[in-house]
Structure formats: C-alpha cells, structure tokens
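Engineer: So the chains spell out like this:
Protein chains: 2
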Amino acid sequence: MITVAVDGMGGDNAPACMVQGAVDAINKNSSIKVLLTGRPDDLNKALEGLTYDKSRLEIVPASEVIETGAPPVESVRTKKDSSLVVGLKLVKEQKADAFVSCGSTGAVLVGGQLIAGKIKGVKRAPLAPVIPTVNGAMLLVDCGANVDARAEQLVQFAKMGSIYAEHVMGIKNPRVGIVNIGAEEEKGNALVKETYPLLKECSDINFIGNVEARDIPYGPCDVLVCEAFVGNVILKLYEGVGSALIKEIKSAMLSTTAGKIGGLLAKPSLKGVVKKFDASEYGGAPLLGLKGLVVKAHGSSKAKEVTTAIEQCVSFTEADIAAKIEKSLSV
Amino acid sequence: MITVAVDGMGGDNAPACMVQGAVDAINKNSSIKVLLTGRPDDLNKALEGLTYDKSRLEIVPASEVIETGAPPVESVRTKKDSSLVVGLKLVKEQKADAFVSCGSTGAVLVGGQLIAGKIKGVKRAPLAPVIPTVNGAMLLVDCGANVDARAEQLVQFAKMGSIYAEHVMGIKNPRVGIVNIGAEEEKGNALVKETYPLLKECSDINFIGNVEARDIPYGPCDVLVCEAFVGNVILKLYEGVGSALIKEIKSAMLSTTAGKIGGLLAKPSLKGVVKKFDASEYGGAPLLGLKGLVVKAHGSSKAKEVTTAIEQCVSFTEADIAAKIEKSLSV
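Chains as they are written, first to last, in this note's numbering: chain A, 1 to 331; chain B, 1001 to 1331.
Pulled out of the complex, with its shape left as it was, chain A reads as follows:
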C-alpha cells in the first residue's frame, strides 16, 4: 500500500477538487491510500455523496490554511496546524510516502526542505516541473525558489532528474542537457562553464551537452538542467508565450466571419495542439531529493490533475527513488 498525504485545502479549487481527485485516485488504484489534511467539516462536506473504499481514505485534521500570497517562510514557521505543514509532517514521520499540494509554491518549497527533510548528501532540493514538448515530456530542473546554485548542485540536479525521468516517467536512459546560450562546449556563463565538464565526467547519466532555449519546444532532451532563476524564466515564458499566442489566434479568428467559420472547422485540430502543450497532462512538479516525494501541482488544478499527481507518487515509491538518489550521490 502506498500512502499519499494530500493537502485538502491548498489551491484555487480546494477542497472540492482535491477531495474528488483523491477519491478518483483510490478508486482507480487499489494500492493507494490517501490521508487528506484540512478542516474535517469542509472535507467531510466535499466527500458527501462520493463512493469509495473508506478504509483507504482518512482525514487528518488541520485547522489552518496557508494562502497562496502569504510569505512562505513565515507561514510554514507559524502555521503549524495548516493543511500543508500537517501533510509534510506525515511524510517526515513516515506515516505517508508522499505529499501532494496545489497550494503556495513557495510554502511547499520551504516546507518540503524544512519539514520533510533532504536525503543524505543532497545539497539542495530542486523543483522539477514537466514541460510538454512537441516530442513528449521533458523534466526542467530547477525551477524552484533557491537561486544562484553552484556547479556541484547542478550536477546533483542532473543525477536526481535522470533517476526520476527513468523510474517515474518511464524514459530509458534519459538524455540530460544543460541550458546554454550556444551549442559549443566552451560557451556559457561562469556557472555553466564550470558545470559542463563535471556533467561530462558523470558516468551514470546520459549527458548530451548544451541545449539552446530555441530548441526547448522540440524536446531535445529528457532532463534539462539549469539554475533556478533561469528555470523559472523558462517555465513562465513557455507558458506565457503559448497562452498569449493561442489567445491572439482566437481573438483574431473571431474578428472576421471567415475566421469564425474557419475557427469552428479547425477547432478539433487546434484543440489537439493545445492539449499537446498542456502541462496539466503530466501531473505535478516533484521536489527532488527529499526523503519522501513532495509534489507541487498547479494552483488551478482540477480533480483530474490531482489524481494524476497522486498516481505519480506510486511509481516514485515503488521504484524507491529516494534510495536510488542517495546511492547515486554517494558515488
């Protein structure tokens, strides 16, 4: 049995979609047990009328909620009885194998490192969202809040990302690339220049070299390593350009009659493209290098994304990723 703690109160659609997503997950997979954290009244109300195996869904009371805009460090320190902190403590105390939250990214990042705790040898736990590309999913490590990483940390990101891509995403011998401003080995800023030869020396990863930002949409590798400031820019710009372009295309089509008709006829084709680039298809972003799996799902997640995020905890736990990471970093 895999036990997943789920933040019942975090995210735009909590608690309804968190509860529905949890119920769907246990109904789909009989080896999942969910511990829902949050206000029992709210959670019980959302559970009303849903059919599920009651022995595999438990409410763990938490009276507080950390709001999305609240200062992360302060919130995690002071709101000890929040659904987020209580959920992370379940991981720390090994009462849960994993924790899924759609709440504040900052609080998940801070709480994940402070409460769930890092695997021995891990210097920094990176946030590794999955980016949809023309040729499938790509893990982008690091997009977290800890910027200005050192070269040795980027090497750890590469190793942890590689293990996650292989065992959770099911990619054999995942190709690892590093974000750079040119294709040649000698290019880059001081950090990348220092990191490149270290990655080249790693015998346990399939390092393919530099990846230029313009190639990212085509998925030139499976694990793309970068410092968190750059990763954050990539993640947000990727989402931003995609949504702006789709929005512009829609409004341009609606502005003429021919465009309207054309848009209607082409709608299924367009929808296919939008779906291809939809990050929510891939569940949440893991925070790598922690003792249990901590998954940050999108704040706007619906039940389906919550279910996907819970399901990804199964492969993580079954493959014993934490042990694999510890072993890989001790080499």
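These are calculated hints, taken from the structure and not from any lab test.
Hints are supplied without guarantee of correctness; some may be wrong.
Simulated crosslink set (SDA-like; lysine to any residue; CA at most 25 Å straight-line) [claimed, not checked]: (1) LYS1200/B x ASP148/A; (2) LYS267/A x SER1251/B; (3) LYS276/A x VAL1134/B; (4) LYS236/A x LYS1267/B; (5) LYS267/A x LYS1267/B; (6) LYS1275/B x SER251/A; (7) LYS275/A x LEU264/A; (8) LYS120/A x THR3/A; (9) LYS276/A x LYS1200/B; (10) LYS1187/B x VAL73/A; (11) LYS1193/B x LYS267/A; (12) LYS187/A x ALA1145/B; (13) LYS250/A x ILE1261/B.
Note that the coordinates shown come from a computational prediction; the quantities given were computed from them, not determined experimentally.
We have chain A already, so just place chain B on it with the hints.
Structural biologist: Okay, now just chain B, sitting in the frame of chain A:
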C-alpha cells in the same frame, strides 16, 4: 546626410538582399548615404539593373568574409579586410555614422566593442533586440555575448535602453522593468537584488519594477533589463515557442479535411497574428553604448529588413544618442 555602412557580404541572403535593401533605403530617404562593404565584383553584379542616386551609394572594397560559424574573436582579429571589420572601421574613423550587418552575431558584438569603440563611461555594450509583444515593441537589454554582468552594468543598460526607446523607437517616458522571478521587490537572485534599489534611485528613468517572464508577451514595459545569459534564453525561447506552436497548428490543420478548409478560411486572421509577433518588422538589434550605432539584423533578413535597419540609423544619428548616453552616464 546620414552615412550608413552596410555589410554587403554578411547574412544568408547576401549580397543580393543587402544591396537591394541599401538601394531601397536611399530611394526612400534622400538624407541617407550608404557605404557598401564587400567584394566589388559581387556587389556590382547585385547592383546591376537597379536604379538609384549613384552619389549616395559607394562601394568600399573588402576582400574577406567572416562566416557565421567562425570563432568571433579570432575572425575579427585575423580577417582585417573582411566586410564586417572594414564596415566597423568606417564607424571608428567617423566616415560612417552607423553600421548594419546581418552577419555573425558574435563577430558583430566583438568587433563592435573592439573596433567601433565604446562611449566614454560605458562599461559594457549590450545587444538590445526589439521583441514584438501583443502591445507593441519592447527592447530587451542585454542579449549579447558578455554574460555575468554586474549591477552597475545593468543600471547602464537601463539608462541606454531608455534613451534608445525614447529617441529611436519614439516611446515617450519609456517604462523600464527588470526580469525577475516574482513581482515583489525582495525577490530575485543576488544580481537582481543588488540592481533593484539602484534602478529605483535613478531619477532619469521610469522604473516600474519587476517583470515576470510569463507577462513578457503582453509588453508590460518598454525596456526590459536583464543579464545577457537570461536575455539570450528569453529571446531564443520566445522565438522558439512561437514558431513551434505555429508549425504545430499548421500541421494539425493540414491533417484533416475540415482543418484544411478551416485553415484556409482563417488564414488571413492567422497571418495577422504571425505578423504581430514578427521581430523583423522592427529592424535590427542595436549594440548600445558604442560611438556610432552598430545594428545586428537577423541572419535571414530580406531586403525589407535591411532597409528598416538602415532607416533606424537615421533617428539614432539625428537624435545624437551617443551624446545623450555619455551625458546620462556621467550624472
């Protein structure tokens, strides 16, 4: 009379489009004189049959060409008689007010700083391409090859970008933003945290604070400041996501009959969107802070883009941007 040196041999479509672009520019604007650098035989052949005022177009012989893939520093140092080096020397010797090239970005950047020379007080000359957004053009400073900038250099980028946006792009009191990973003042990496208060103190720029990458397509400011590694990632990802998405939409539409018909009907609307996001509408990227204007136009530029790039040199020279920059930096 504004004299613009044009690299006749640089770019995918040289010399034909360089020559055509130069001829169109002098035909459109009688105060432009062009000095075309390159192999006289090739240039004269491309000029055959074109009608123009011969007193305003002169060929300056240069026997060598710096190829796009060649190492920039070495090329600039050894190929003294290349169309690029000869053009930059014309700026240095004040025989030309500006220089336009569609050749190797690296060589233009290196040569611009080494040969044309920096304005007094300028620590680093940034490359500042114009990014098309939903709400018009935005100058992105720096996207050049000199990474790992210091805070004081970013402040200079902000001032120089602001002057360029106001006097060449015609934007009154341009809004200056800095790329960051959050909207709050205290966010960022060490460089941005150090730069933010310095920008806030500048009385001669209209600093509006942090800009998150997801908002870039909507043009939240007129001048967007960042370190060159980040700028390069933004520029290339912006182009990459846009072109990948358009390509996917086209191929998805072509895969069904309804999509094909829909695509035909919606074509004018789609074209409008593509045009809106087309960087070539805005001419080339200026290398700011040099004694004359050095413009790097896209390697794939056609005659129209070359003409636009030459035309932008006029406002630059007329407004005496170099003097304005020198004054601004001495404050």
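Engineer: Hinted pair, alpha-carbon criterion (25 Å max): LYS236/A, LYS1267/B. Please report holds or violated.
Structural biologist: The hint is violated at about 29 Å.
Engineer: What's the verdict on LYS120/A and THR3/A, does the C-alpha distance respect the 25 Å limit or exceed it?
Structural biologist: Roughly 22 Å separates the two Cα atoms, so the pair holds.
Engineer: LYS275/A and LEU264/A: Cα distance at most 25 Å?
Structural biologist: Given pair LYS275/A, LEU264/A holds - Cα atoms ~17 Å apart, limit 25 Å.
Engineer: Need the status of pair LYS1187/B, VAL73/A: alpha-carbon distance at most 25 Å?
Structural biologist: At roughly 13 Å apart (the allowed maximum being 25 Å), VAL73/A and LYS1187/B satisfy the hint.
Engineer: Straight-line Cα separation of LYS187/A and ALA1145/B no greater than 25 Å?
Structural biologist: 9 Å, holds
Engineer: Taking 25 Å as the top limit, are the C-alpha atoms of LYS250/A and ILE1261/B close enough?
Structural biologist: 17 Å, holds
Engineer: Compare the distance between the alpha carbons of LYS1275/B and SER251/A with 25 Å, and conclude whether the hinted pair is satisfied.
Structural biologist: 15 Å, holds
Engineer: With a cut-off of 25 Å on the C-alpha distance, tell me whether LYS276/A and VAL1134/B pass.
Structural biologist: Status holds; Cα separation ~23 Å.
Engineer: Does LYS1200/B sit within 25 Å of LYS276/A, going by the straight-line distance between their CA atoms?
Structural biologist: 42 Å, violated
Engineer: Hey, LYS267/A versus LYS1267/B, does the alpha-carbon distance stay inside 25 Å?
Structural biologist: 14 Å, holds
Engineer: Is the Cα-Cα distance between LYS1193/B and LYS267/A 25 Å or less?
Structural biologist: 45 Å, violated
Engineer: Taking only the CA atoms, is the gap from LYS1200/B to ASP148/A under or equal to 25 Å?
Structural biologist: 23 Å, holds
In terms of the numbered hints stated before, the structure departs from hints 4, 9 and 11, listed from lowest to highest.
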